[in-house]
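These protein sequence lines are chains A and B, in that order. Residue numbering for the first sequence follows this note's numbering, beginning at 16 and increasing consecutively. Residue numbering for the second sequence follows this note's numbering, beginning at 17 and increasing consecutively.
No lab work stands behind these hints: they were computed from the structure. Quantities reported herein were computed from a predicted structural model and do not represent experimental measurements. Mixed in with the good hints, there may be bad ones.
[What the hints assert, rightly or not] Straight line, CA to CA, 25 Å or less: simulated SDA-like cross-link-like pairs of lysine to any residue:
#: 1; chain 1: B; residue 1: Lys31; chain 2: A; residue 2: Phe295
#: 2; chain 1: A; residue 1: Lys170; chain 2: A; residue 2: Arg152
#: 3; chain 1: B; residue 1: Lys62; chain 2: A; residue 2: Ile277
#: 4; chain 1: A; residue 1: Lys238; chain 2: A; residue 2: Asn97
#: 5; chain 1: A; residue 1: Lys442; chain 2: A; residue 2: Ala639
#: 6; chain 1: A; residue 1: Lys411; chain 2: B; residue 2: Arg69
#: 7; chain 1: A; residue 1: Lys98; chain 2: A; residue 2: Ala179
#: 8; chain 1: B; residue 1: Lys31; chain 2: A; residue 2: Glu284
#: 9; chain 1: B; residue 1: Lys62; chain 2: A; residue 2: Ser291
#: 10; chain 1: A; residue 1: Lys411; chain 2: A; residue 2: Leu398
#: 11; chain 1: A; residue 1: Lys173; chain 2: A; residue 2: Pro29
#: 12; chain 1: A; residue 1: Lys411; chain 2: B; residue 2: Pro47
#: 13; chain 1: A; residue 1: Lys279; chain 2: B; residue 2: Gly60
#: 14; chain 1: A; residue 1: Lys98; chain 2: A; residue 2: Gly155
#: 15; chain 1: B; residue 1: Lys62; chain 2: A; residue 2: Ser195
#: 16; chain 1: A; residue 1: Lys275; chain 2: B; residue 2: Tyr78
#: 17; chain 1: A; residue 1: Lys411; chain 2: B; residue 2: Arg86
#: 18; chain 1: B; residue 1: Lys31; chain 2: A; residue 2: Gln283
#: 19; chain 1: B; residue 1: Lys62; chain 2: B; residue 2: Glu23
#: 20; chain 1: B; residue 1: Lys62; chain 2: A; residue 2: Val286
#: 21; chain 1: B; residue 1: Lys31; chain 2: B; residue 2: Arg89
#: 22; chain 1: A; residue 1: Lys494; chain 2: B; residue 2: Thr46
#: 23; chain 1: A; residue 1: Lys279; chain 2: A; residue 2: Asp290
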Amino acid sequence: MSKNLPQVILVGHPNVGKSQLFNLLTGKQVLVSNYPGTTVELTRGRGELEGLEVEIIDSPGLYSLSALSPEEQVTRLLLLKNKPALVIQVMDARNIQRMLSLTLELKEAGLPLLLVLNMMDEVEASGLKIDSVLLSRRLGIPVVCTALVVRRGLKQLKRLAAAALHQKFDSDVYVIPTYSPSLADILNKTASRIKGRYGLSKVSLAAALFNPDPALLNILKQKEGELGPLLSALRRRLLPEEPLLLLAGARRRHADALLKGIVKSPLQEKVTLADSLSRFFLHPAGGLLTLMVVLYFGFFRFVGGFGAGTLVELLEKGLFSGLLTPRLNAWAELYLPWPWLRELLVMDYGILTLGFRYTFAIILPIMTTFFLFFSLLEDSGYLPRAAYLLNHIMEKIGLNGKAVIPLILGLGCGTLAVMATRTLETKRERLQASLLLSLAVPCSAQLGLILALLAQSAGLGIWLGLILLSFAGAAFLGKFFWGGREIPFCLEIPPLRLPRLGAILRKTGARLRWYLREILPLFVGISVLIWALHLSGLIDRLILAVRPLVNSIGLPAEIALIFVFGFLRRDYGAAGLFDLFHAGLLNQGQVLIASVVLTLFLPCVAQFTVLIREHGLGFAALVAVLTASIAWMAGYFVNLLVSIPFLAQLLS
Amino acid sequence: MKGRPAEKMLLAAMKPGQLGEVISFLHPETPAIQRLAALGFLPGEKFKLERCRPDYLIRFGYTRLAINRRLAREVLVYMMKVSSASGREVL
Chain A
16 MSKNLPQVIL VGHPNVGKSQ LFNLLTGKQV LVSNYPGTTV ELTRGRGELE GLEVEIIDSP
76 GLYSLSALSP EEQVTRLLLL KNKPALVIQV MDARNIQRML SLTLELKEAG LPLLLVLNMM
136 DEVEASGLKI DSVLLSRRLG IPVVCTALVV RRGLKQLKRL AAAALHQKFD SDVYVIPTYS
196 PSLADILNKT ASRIKGRYGL SKVSLAAALF NPDPALLNIL KQKEGELGPL LSALRRRLLP
256 EEPLLLLAGA RRRHADALLK GIVKSPLQEK VTLADSLSRF FLHPAGGLLT LMVVLYFGFF
316 RFVGGFGAGT LVELLEKGLF SGLLTPRLNA WAELYLPWPW LRELLVMDYG ILTLGFRYTF
376 AIILPIMTTF FLFFSLLEDS GYLPRAAYLL NHIMEKIGLN GKAVIPLILG LGCGTLAVMA
436 TRTLETKRER LQASLLLSLA VPCSAQLGLI LALLAQSAGL GIWLGLILLS FAGAAFLGKF
496 FWGGREIPFC LEIPPLRLPR LGAILRKTGA RLRWYLREIL PLFVGISVLI WALHLSGLID
556 RLILAVRPLV NSIGLPAEIA LIFVFGFLRR DYGAAGLFDL FHAGLLNQGQ VLIASVVLTL
616 FLPCVAQFTV LIREHGLGFA ALVAVLTASI AWMAGYFVNL LVSIPFLAQL LS
Chain B
17 MKGRPAEKML LAAMKPGQLG EVISFLHPET PAIQRLAALG FLPGEKFKLE RCRPDYLIRF
77 GYTRLAINRR LAREVLVYMM KVSSASGREV L
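Looking at chain B on its own, in the form it has when it is part of the complex (with noise of 0.2 Å):
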């Protein structure tokens, strides 16, 4: 993915169609953070912010993920400003 890392915040506030980078997560301990990492969706992990509403739905890969709101403000990501038409990683 092209675009430099830019802004850092919370994923619930992303808004649909952006690119993020996954940074880090506020509770790691929780057992919802450790079912995100089992699927693969961990620090670094490049994604693309598809709906907000009514809950957030993140593409990475080949893979969908639906969060609700409460998860999402667990997330801190970097918001990528250039956008793309998909939000996919390059292997």
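Chain A extracted, bound-state conformation (with noise of 0.2 Å):
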């Protein structure tokens, strides 16, 4: 991204229409697009307003200038270092007198600041009543009423925008609120030692101190030399309460005076069907009931049946095995007189007829389904109802509520779900998840062969008891490891909102190219290794080495090949696996053990290594000798399992 252009910084809360925003103002032209959806980093994308070429950042949902969350600081940082143009606060209009203490603050903070009163259907759909223009006046700032689901206002947004990026702004003007005298004091004495110049006003940074990150330390630390004259300014215990408290409540207080007469709620509010539904959502019993019907048929039926089952079918047998493979090698026969090179293109493990069509034809299809799935919750709102009604059982192994988002991901894509564990507040709780991701909890690919393949037998039951065995060995476990005592914990629940197909196919768009991104090289690396390996005939002597290791737990040494497919990709393994059933290698009891042991073996090269990189190298190791053993063990026991006359015959 060029450093010349002016940056427009879109901050708020979070479900807010913030990414909405950025969609409409950047077009297509999103430039970097870290892990979408599981983000802590920012997104940057390039627009226009009324002819002015212009960065746009979006930023990770933001309350307050405290700071308490990770994202939260990331957003903090990102406003005290770049020097924006232009910051467009976005807010749902609905919580005007709640959202507008951020507004307060960022004024405070000296940015120049548009305010963004976005959901205002929903706002006239209750018959609340806002004075947007008396808004704008009392708080010296441009303020624009909009629907962007409708891209209503976004005309007269984009307008206002390009004005403001016009005009100069003189950050030293803000408006602060009324503190107590000990609180403005203290923030006074401390602005006052600060002697750079930042993103933020002297004021601001001081507030922000009370809550500071390491980072934001560092950053001062440069400027300002050793932080012990400045931070002894801060007095805590000359304060009567704690300070962050104080802050909100007199930003608080300062909110509610400003709108008066700006504000005017109905008389009798109404209720939508949204409501009634979350209600019903959030019901003890209602609630659960729903969230095994969207499971059942998100995962089991949409996922897995139509996913891992109609479309692969459809592209792996029709298109490749069908039409593409035999033409492909048929035509390297004629063309290609090196074997090597015909080896290495095509045949049994070419990258054309091995890395791309796994790529293709089975995991593609089965990550669309999923994305299409996740993006669906994640847009409705669905998942922090999912979050709340779970959230009493997740505290029995340590976690809370807001663990399920990371392990429905992971039940995707267990290397996103590892990033995604980065929005959990404690070491702990992020260590537990990963630690559940790693071992219990299957990627979709995984997921949606592994149903196909043991759909029609009493396998799936006993592959999911074990699955699930494992996971609450694991999570007691972990509890029993780190400990874990029940945490106050809350999750705002945003209102539910009908999905918007653009938006869901846009987000799945993202994903995609991310995880496409990620898994081909590796895909055609394999393909390249596996060849190798046979070319030198490596292959026949690894396969011999761990023959013992597999013939232990009943399954022939040709697996061995898929086990270690399965360690550079799970997905990979899984796909293996689907192949050497079609071939009629295994029969049905032998791919239940080979399916328990795959779930639970070793994450994949890709996941190994966001867990070192998130959790260090003796984290990741102690994943990995744990998995590799409760794979084994259970893979005996299943063997043991099938060798009964009576199960045999369940199977088979």
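Bring the two chains, given one by one in their own frames, into a single complex with the hints.
Okay, structure coming up:
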């Protein structure tokens, strides 16, 4: 991104339509999009405001510059370091009373601000009235009313934003809420000791120092030198109460006073369909029933049945095995005289016939269906409801409701999910969730293929039982290791919204692009690796070496290769299993054993790398040893099970 | 909201459907309380308790918040005597 473009930063509470505005302003020119949906990083893009080209940055949800969560700290740091030409705060207008505190904070920080009152359609439907002209005058900043879902007010927004960009902002002019004398005194004293110039005003920076993060202190250290005198000015003990509460309280009172005569509530609140539905989703019985229906249709029928069944069948059998592979092989026989090249590109393990086939015919349809389903859950606002319903269960295993989101995401891609554990608050929770994800949460390619392989037999029940058992085992083990008392927990439940098809497709597209970028090189690499192993004859020695281990759990030696695959890519291993079964090399019992072992086995290389990056080599090694041994034990146990004649009969 | 402040109690002791007003927090220095404050659930805020099972569900303004029992035991409230159909604050 070129440095000289004026920067426009979008901020606001979660679920207010920031990303929607980002998409509307940037069109399709998103330049960087890191692990969308799970990210605590920033999305940047290029946009145009009335002929002026700008860089637009979408930031993670921000409640306050006191920045209690890592996501919020990212945004605070961004505002501190960059000197944006404009900050656009997007707000859910119905919650103006609560969200205006952030506006006041941004104003206090001296940032050039534009306020977007979004979701005005919902405001009007609820009978609420907001005088945005008076609000703009009182705040001294441009305010625009929008309903971004239907692009209402977008033009006006662009016009005001462009106008604001041309205007010079004096960052020393700001509105300060009336703090109590002792708090105001401390803030002013601290502010007066700050020497450097930052993106945030000195008073605002002083307030941020009540809850600093290491990155913030680092930046300060660079410009201020020793921070001792600065921090000593923040004398908490002189305050009658916790500073963050005092700050929040003062801003809230300021907001309330400011909104007098601006907001008019309806006398009778209208109950909408979304409200009634939301009530049902949050009901202990109705909610759990809904959750089961959602998971059954989402994972079992849509991802497992449609994605891994119908679509894979169509692409794998119809397109690749039926059409492309034989032709490519015949073509290679004719035109490629060198066997080594033929083997590299096509035949059994070729880049085209294995790498591309696995990627596009087996993994892609499954991931597409999963990401569609997950984006739908996300955009409808259903996930926090599931988090609420499952919170008390998650607390029993040392986590809380928020962990539901990475765990469900783990049913799609464990690598993404381990990244998403960053959104959990304590290190203990992040480790616990990562352990569970590595051991007992199959990714959707695995899940889909295993569902397809085991669907017709009693094996599915046994597989599910064992996976759940391992999940519970690891959960309690983790709780035992890391302790984990019940800690205070709160979570905002956003309103239910009708998901927009366009947004879901865009999100799914972005996630698939990320996923393909991640896996295609690996898959091609694996093809080459296997080709090299074959050519050098090393593969037979490898298989010979692990033979006793796989034989001990009742599996043929050929499966060894699949386990190697499985480590390189979980889904690759599952895809290999799928091939072996269709080649008639495995019976139902062996498929069950292999499914259980592959599910519990080491996470794939990508997830392993992320584990190391997030939690260190030691933890990753522990996870590796733990999962490998649990997988072997489970395999041994299933092998004993399927040798019981009655069960063997049940399976066939 | 009409009705007079009646009884001082912990949020955890309220029943679903009851209205309340936040007085203070027992341990304001804990991160979860600061999170509540950042969400706008501050002393003086009037709210309605919608559910207390499986966890507590409170509504204030147009905001809905889920909190666990542990946190509900940290919030000191006035329980309002008069209950109306909606616990929404009239601005």
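Here is how each hint holds up against the structure:
1. B:Lys31 / A:Phe295: holds (19 Å)
2. A:Lys170 / A:Arg152: Given pair lysine 170 of chain A, arginine 152 of chain A holds - Cα atoms ~21 Å apart, limit 25 Å.
3. B:Lys62 / A:Ile277: holds (20 Å)
4. A:Lys238 / A:Asn97: Distance of about 15 Å is within 25 Å: holds.
5. A:Lys442 / A:Ala639: holds (19 Å)
6. A:Lys411 / B:Arg69: holds (15 Å)
7. A:Lys98 / A:Ala179: Roughly 15 Å separates the two Cα atoms, so the pair holds.
8. B:Lys31 / A:Glu284: holds (22 Å)
9. B:Lys62 / A:Ser291: At roughly 22 Å apart (the allowed maximum being 25 Å), serine 291 of chain A and lysine 62 of chain B satisfy the hint.
10. A:Lys411 / A:Leu398: The hint holds at about 20 Å.
11. A:Lys173 / A:Pro29: holds (22 Å)
12. A:Lys411 / B:Pro47: With Cα atoms ~21 Å apart, lysine 411 of chain A and proline 47 of chain B stay inside 25 Å; holds.
13. A:Lys279 / B:Gly60: holds (20 Å)
14. A:Lys98 / A:Gly155: holds (20 Å)
15. B:Lys62 / A:Ser195: With Cα atoms ~23 Å apart, lysine 62 of chain B and serine 195 of chain A stay inside 25 Å; holds.
16. A:Lys275 / B:Tyr78: Holds: lysine 275 of chain A and tyrosine 78 of chain B sit about 18 Å apart, inside 25 Å.
17. A:Lys411 / B:Arg86: Since the Cα atoms of lysine 411 of chain A and arginine 86 of chain B sit roughly 13 Å apart, the hinted pair holds (cutoff 25 Å).
18. B:Lys31 / A:Gln283: holds (24 Å)
19. B:Lys62 / B:Glu23: This hinted pair holds, its Cα atoms lying about 14 Å apart.
20. B:Lys62 / A:Val286: Holds, at about 20 Å.
21. B:Lys31 / B:Arg89: Roughly 13 Å between the alpha carbons, so the hint for lysine 31 of chain B and arginine 89 of chain B holds.
22. A:Lys494 / B:Thr46: It holds: about 22 Å lies between the C-alpha atoms, which stays within 25 Å.
23. A:Lys279 / A:Asp290: holds (21 Å)
Going down the numbered hints, you'll see the structure goes against none, and every one checks out.
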